[in-house]
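If you're matching them up, the sequences are chains A and B in order. Under the numbering used here, the first residue of the first sequence carries the number 1, and numbering increases by one thereafter. Under the numbering used here, the first residue of the second sequence carries the number 1, and numbering increases by one thereafter.
Hint data in this document are derived by calculation from the structure and do not stem from the laboratory. Here a beta-carbon is modelled for each residue, glycine too, at the ideal position from N, C-alpha and C. Some hints could be false.
A short, non-exhaustive set of chain B residues, derived as facing chain A with CB atoms under 7 Å [unchecked claim]:
id, residue
1, Phe64
2, Tyr65
3, Asp68
4, Thr80
5, Val120
Each chain, letter by letter, is given below.
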Amino acid sequence: MKHLLAVADLGTEGIEEVLRVTDSFVEVSSRAIPKVPALRGKTVVSLFYENSTRTRLSFETAARRLSADTMNFTAPTSSVSKGESLRDTVETIEAMGIDAVVVRHGSAGVPQRIASWIDASVVNAGDGWHEHPTQALLDCYTIRQRRGSLEGLRIAVVGDVKHSRVARSDVAAFALLGADVTLVAPPTLLPPSLEGWPVTVSHDLDAVLPKVDVVYVLRLQNERMTEALLPSLREYTASYGLTRRRADLLPDDALVMHPGPMNRGVEIAADVAALAGSVITTQVANGVAVRMAVLYLLLGSGQDLAG
Amino acid sequence: MTSEDVRRAITRIAHEVLERNHGLDGVALVGMQTGGVPLAGRLAAELERIEGTAVPLGTLDATFYRDDIGLRPLIPEAVTDISFDLSGRTVVLVDDVLFTGRTVRAALNALTDYGRPRAVQLAVLVDRGHRELPIRPDYVGKNLPTARHELVDVSDSGVDLGTVDRGGQR
Numbered sequence: 001m002k003h004l005l006a007v008a009d010l011g012t013e014g015i016e017e018v019l020r021v022t023d024s025f026v027e028v029s030s031r032a033i034p035k036v037p038a039l040r041g042k043t044v045v046s047l048f049y050e051n052s053t054r055t056r057l058s059f060e061t062a063a064r065r066l067s068a069d070t071m072n073f074t075a076p077t078s079s080v081s082k083g084e085s086l087r088d089t090v091e092t093i094e095a096m097g098i099d100a101v102v103v104r105h106g107s108a109g110v111p112q113r114i115a116s117w118i119d120a121s122v123v124n125a126g127d128g129w130h131e132h133p134t135q136a137l138l139d140c141y142t143i144r145q146r147r148g149s150l151e152g153l154r155i156a157v158v159g160d161v162k163h164s165r166v167a168r169s170d171v172a173a174f175a176l177l178g179a180d181v182t183l184v185a186p187p188t189l190l191p192p193s194l195e196g197w198p199v200t201v202s203h204d205l206d207a208v209l210p211k212v213d214v215v216y217v218l219r220l221q222n223e224r225m226t227e228a229l230l231p232s233l234r235e236y237t238a239s240y241g242l243t244r245r246r247a248d249l250l251p252d253d254a255l256v257m258h259p260g261p262m263n264r265g266v267e268i269a270a271d272v273a274a275l276a277g278s279v280i281t282t283q284v285a286n287g288v289a290v291r292m293a294v295l296y297l298l299l300g301s302g303q304d305l306a307g
Numbered sequence: 001m002t003s004e005d006v007r008r009a010i011t012r013i014a015h016e017v018l019e020r021n022h023g024l025d026g027v028a029l030v031g032m033q034t035g036g037v038p039l040a041g042r043l044a045a046e047l048e049r050i051e052g053t054a055v056p057l058g059t060l061d062a063t064f065y066r067d068d069i070g071l072r073p074l075i076p077e078a079v080t081d082i083s084f085d086l087s088g089r090t091v092v093l094v095d096d097v098l099f100t101g102r103t104v105r106a107a108l109n110a111l112t113d114y115g116r117p118r119a120v121q122l123a124v125l126v127d128r129g130h131r132e133l134p135i136r137p138d139y140v141g142k143n144l145p146t147a148r149h150e151l152v153d154v155s156d157s158g159v160d161l162g163t164v165d166r167g168g169q170r
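Please work from the sequences and hints to get the whole structure.
As structure tokens, this is what we get:
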């Protein structure tokens, strides 16, 4: 495979391949000198039309640990502010001789379009409400690391599913690896149609929590809400927030996950992130190794990643 | 080589390692993934039998350091595991077959990311010739003249020459 655009492109085998290769890069990351020469001479560009801290830094760290050169593009400081089109921007960057583009954009489908224009590999780092495949891969890796496998695990994905590309990628990946996924959200924060989603739906978080192995809390995406979908943040927290009281309902060995950045006190209580079951910082650490595996498989290994 | 020949070769190499290094003081073994790992384990057991002390043992995967990345697949189960500090030690790299020397070149680069050994020595069960780099083994089980297209098969039952053509790549 040349590009990583959506989880479904990988299939079960492709996901498992990435997770296996990630093991090698977790070892590399644990060394005194966490750097290997595997992608020496390759250039990776991060093309970010939306704000990001962890994803952009995570990809850049991953590329550098593989000895690739990195270039950095953020829309507000570029010629985009002079009115340059997406296609012209991308073709300009490609003309400089690059091997991969890591793209984040507010509109769904932009990475697919870019992939059709250029020869370099394209990695989707989040496109609108659509997909964020490397987040799903690092979430799967983190769960597998703690629980051995996702097969048969009960995973609750809680909160703003409607606006969440993380939810779309995660649900697809969790289901491909055999987990049993329940969405918990107010009806206004679910997508208009769940046809084809391999999930069950609940509106009662208190009833779901005692029966799960993993609770995945989504960020409430205020910046994407163009209409009044919630009566108030306080009411949302009362019904769907993972408060301290609710966290006590979880089984002892349940994992608490969040893709970040957290709205502490809204979808997740400030101290819940510090619970024993919280693997939120582990997710970030694994993110670098997973992205090293993705870049290595796309650019360096000569292996076919198609599942 | 039969499995008995392999056993004798390992015993001889163990004695040579001890003779060259005046014992086991500061010596560590690192087996190269994947063929060198079981050999390093056997060599370590033999050294312990002779000297009565355990020798630090690690494994090394040099895939990410190769100059032919993309030409051969990554074996994800084959990971590096060096749980001791290499600095100041004499490291004996162990591999099954020495051919072009490119794997050893990659392994030498990989080793330096884990520390600065005092010296690195190379032990191989079979030296089949056709070197492409200035690399020479310190301990050899058997010199086996081969043609480039031939395949050396090392298994529990010994060492055989195969006829499978892999295009001269190893």
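Here is how each hint holds up against the structure:
1. Nearest Cβ of chain A to the Cβ of B/Phe64: about 4 Å, under the 7 Å cut. The hint holds.
2. Restraint check, B/Tyr65 versus chain A: the minimum CB separation of about 6 Å is within 7 Å; hint holds.
3. About 9 Å separates the beta-carbon of B/Asp68 from the nearest beta-carbon of chain A, more than 7 Å, and the hint is not met.
4. Interface restraint check for B/Thr80: the shortest CB-CB distance to chain A comes to about 6 Å, inside 7 Å, so the restraint holds.
5. Because the smallest distance between the Cβ of B/Val120 and any Cβ of chain A comes to about 17 Å, over 7 Å, the interface hint for this residue is violated.
When each numbered hint is compared with the structure, violations occur for hints 3, 5.
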